[in-house]
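Trainee: Sequence:
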Amino acid sequence: MNNITKKYVALFLAATSMATAAAQESSTGYFLENYNMRWQMNPAMGNRNGYVGFPGLGNLNVGVSGNFKVTDFIYSRGGKTVLFTNPQVSASEFLGNLSETSRLSEDLKVNILQVGFKAFGGYNNVAVNVRQNLSFDFPKSVFSMLKEGITNKDYDITNFRLRANAYAEIALNHSRDIKWVPGLRAGVSLKALLPVAYGEANFNDLHLDLQQDNWRAIADAEMKLGLKGVRYETDVNDRTGHRYVSGVNTDDIKFNPNGFGFAIDLGATYEWKDFVFSFALTDLGLLNYNSLQLASTNGPQVFETNDHVIGVGDDGDSWDGLVDDLSKLYELDDMGDVGSTSVALQGKMRVGVDYKFPFYQKLHFGLMNTTEFNTIVPSTEFRLSANVEPVKGVAVAVSGATGTFGTNFGFLLSLGNKGFNFNLGMDYAAMKMDKNHIPLDTNFDVHLGINFPF
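Under the numbering used here, residues 9 to 462 are what the sequence shown spells out, in order.
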């Protein structure tokens with residue numbers, strides 16, 4: 009089983025290496041009027057002034073989120089830092105800290121060019137972005153095997169999955185007040201997408217029933233790569249003669265568009281007395297890749313034996329037979345280029361309400377729910393923020409959040425009005441450390457922007 013694990017880890021790492029550059033904006037800044045990037049979370053939100061973004065740094069977002077802590081895997085024992093596999097860490101302690109599925113997601117968004125301006129009866133934005141996202145699921149049973157070793161029990165490792173995606177985005181946005189409904193504002197963003205790279209690895213079914221007098225295993229796995237010039241490397245199993253995928257050849261990779269895609273963002277805000285209600289759906293669309301390299305077990309592979317006395321014979325035939333049968337479970341066939349495929353984007357739904365403090369209207373409070381869908385790492389979050397702009401051009405927001413990835417707090421500072429604006433913030437700023445300076449959680453992000461308002 010160690011060989012199986014190692015080979016699939018290698019294939020997963022190969023898939024992630026295909027990712028080249030996608031992330032949300034600062035959720036803490038959703039209600040902060042001096043934050044020019046709010047339109048990318050809700051296309052109905054315009055800005056006070058026109059602006060031009062600093063190339064490459066007009067809107068930079070990077071983040072990592074997970075539903076586990078680093079200290080769930082790294083422990084302090086006897087003054088030393090050890091991994092969960094150390095005998096001093098009990099299986100009950102280690103496994104008791106984990107969810108049924110450990111989830112991790114990484115996002116990156118780099119703004120290449122961006123401009124906003126008032127015209128056509130409303131507010132408009134044009135942006136060119138490079139986006140990338142990576143997410144994966146690890147079932148708890150994987151760590152059970154790693155910690156306990158193979159014991160006589162049933163392991164269900166279905167939905168051991170990874171996905172990576174990278175593409176360029178050209179966004180055109182327009183928002184305006186709806187005059188026949190006082191207080192209502194609506195907006196839409198149309199996005200042309202140029203897919204560059206896609207990687208996916210799935211155990212559609214991996215079931216290990218390892219009883220005392222009988223072993224039965226079923227595996228149905230596949231890996232997909234969409235990137236120009238990429239191809240699988242293969243090798244031959246000396247014992248069975250089966251040619252299988254042993255790696256990924258990247259010598260001829262070209263980071264050129266590999267298809268086309270389209271997406272739309274929809275949003276609305278409604279102002280009533282001291283309240284502003286908002287709703288938005290973003291990244292409703294898909295990417296179509298012109299070519300996709302597929303590696304697969306070519307259907308479910310089954311291994312079964314009741315010969316639990318292994319390797320007793322002088323020639324080791326029993327052991328060799330076991331290894332040959334097990335190899336069928338994880339040796340993927342190169343299925344070649346299977347043509348075009350469509351991949352849905354990771355979408356978000358945001359629902360919010362903003363309340364202006366009646367005795368000091370430069371201070372207001374916002375509550376927003378963000379739900380992510382079309383992803384193997386579905387998530388939801390509630391975030392409460394306080395926003396204040398004591399003088400024009402100096403604005404601060406602080407927030408607290410709870411949801412799928414735990415609890416945390418964030419901040420956003422926006423400085424400057426006309427001529428120059430700088431913003432810096434984090435949605436996951438509670439990077440707690442233990443006494444050995446090991447991070448206590450896996451949630452971390454940074455949002456940075458330099459713009460020139462006019």
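No wet-lab data here; the hints were simulated from the structure.
Wrong hints could be hidden among the right ones.
[Said to hold, decoys possible] Dumping the calculated DSSO-like pairs for lysine-lysine here, alpha-carbon to alpha-carbon at most 30 Å: (1) K364 / K77; (2) K148 / K281; (3) K187 / K77; (4) K126 / K281; (5) K364 / K400; (6) K155 / K187; (7) K236 / K400; (8) K281 / K364; (9) K281 / K400; (10) K77 / K126.
[Said to hold, decoys possible] Simulated restraints, written as ranges between beta carbons of each label pair: (11) G237 / T410: 25 to 33 Å; (12) K262 / V402: 20 to 28 Å; (13) G237 / F128: 20 to 28 Å; (14) G86 / T379: 40 to 48 Å; (15) F270 / A394: 51 to 59 Å; (16) Q96 / G344: 42 to 50 Å; (17) N377 / V189: 19 to 27 Å.
Ideal Cβ positions, reconstructed from N, Cα and C, are used throughout, including at glycine.
Trainee: Decide, hint by hint, whether the structure agrees.
Mentor: Okay, the hints, checked on the actual structure:
1. K364 / K77: Status violated; Cα separation ~37 Å.
2. K148 / K281: violated, 50 Å
3. K187 / K77: Distance of about 50 Å is beyond 30 Å: violated.
4. K126 / K281: Given that 30 Å is the threshold and the Cα spacing comes to 26 Å, the pair holds.
5. K364 / K400: Given that 30 Å is the threshold and the Cα spacing comes to 17 Å, the pair holds.
6. K155 / K187: violated, 64 Å
7. K236 / K400: violated, 49 Å
8. K281 / K364: Within the cut-off at roughly 9 Å; holds.
9. K281 / K400: holds, 23 Å
10. K77 / K126: Violated. K77 to K126 sits at ~45 Å, over the 30 Å cutoff.
11. G237 / T410: 25 to 33 Å: Between G237 and T410, where Cβ atoms are some 44 Å apart, the hint is violated.
12. K262 / V402: 20 to 28 Å: Between K262 and V402, where Cβ atoms are some 47 Å apart, the hint is violated.
13. G237 / F128: 20 to 28 Å: Between G237 and F128, where Cβ atoms are some 42 Å apart, the hint is violated.
14. G86 / T379: 40 to 48 Å: Taking Cβ atoms as reference, G86 and T379 lie about 44 Å apart, which means the hint holds.
15. F270 / A394: 51 to 59 Å: Given about 38 Å between the Cβ atoms, the range is violated.
16. Q96 / G344: 42 to 50 Å: Between Q96 and G344, where Cβ atoms are some 49 Å apart, the hint holds.
17. N377 / V189: 19 to 27 Å: Cβ of N377 to Cβ of V189: about 24 Å, so the range 19 to 27 Å holds.
Taken one by one, the earlier hints fail for this structure at numbers 1, 2, 3, 6, 7, 10, 11, 12, 13, 15, listed in ascending order.
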